[in-house]
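K.L.:
Here is how the chains run, residue by residue.
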Amino acid sequence: GESVGLHLPTLSVQEGDNSIINCAYSNSASDYFIWYKQESGKGPQFIIDIRSNMDKRQGQRVTVLLNKTVKHLSLQIAATQPGDSAVYFCAEAVGNEKLTFGTGTRLTIIP
Amino acid sequence: KAGVTQTPRYLIKTRGQQVTLSCSPISGHRSVSWYQQTPGQGLQFLFEYFSETQRNKGNFPGRFSGRQFSNSRSEMNVSTLELGDSALYLCASSFGQPGELFFGEGSRLTVL
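So the protein lines, in turn, are chains A and B.
With the numbering used here applied, the first sequence covers 1382 to 1492.
With the numbering used here applied, the second sequence covers 78 to 189.
All the given hints hold, so there is nothing to weed out.
Subject to a maximum C-alpha distance of 16 Å in a straight line, what follows is the list of computed EDC-like cross-link-like pairs (lysine to aspartate or glutamate):
{"hint": "1", "chain 1": "A", "residue 1": "Lys1479", "chain 2": "B", "residue 2": "Glu177"}
{"hint": "2", "chain 1": "A", "residue 1": "Lys1452", "chain 2": "A", "residue 2": "Asp1412"}
{"hint": "3", "chain 1": "B", "residue 1": "Lys134", "chain 2": "A", "residue 2": "Glu1478"}
Don't read these hints as lab results, they were simulated from the structure.
The following block holds chain A by itself, in its conformation from the complex:
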């Protein structure tokens, strides 16, 4: 999962399997969380978001889980496809403050 540091965590998943990307955040006051996907040579692209009054939110093939007790966020991608290969970032915000991004996790889908 993601952590503060210089090294980008990596995750390799077989095509068709489910993947789970984890993110630990530090600010207990954060009330908004968002996941982004960044493909090579492109800017980050919105995947899904969740507010602190929820613990789960589902999108198309993606689910975000929020555990405020342990300050943990996860992104689940169902039935991964080659196009899911990218770097995934979690981000957190407090109110109208700026989004603070994690360092990212590189997801590689194995054919």
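Chain A is already provided as a structure; the job is to place chain B on it using the hints.
P.N.:
Leaving out everything else, chain B in the frame of chain A:
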């Protein structure tokens, strides 16, 4: 509708020079944020502008500055460039409330 447009996409400068990067947000978006992305530090927040006013600022030296025009277009400037300023500079726009940021493709700056 058109996405966030950043220009130039690539540029090479030498130490001591200055650079100006431009960002055109999505039509109707009033907030523009700038981020610096490097392999070692990830995405670092530079500043956010909303209705021509700087609303939030990150921890970057004064060499990094920005502004927003009445049409919401934004520019950022880096003066007295250093080697460590080599990075991908990303612009993102939104309606201004906490929510989805729409990112551009970035401007890749190389300082030699």
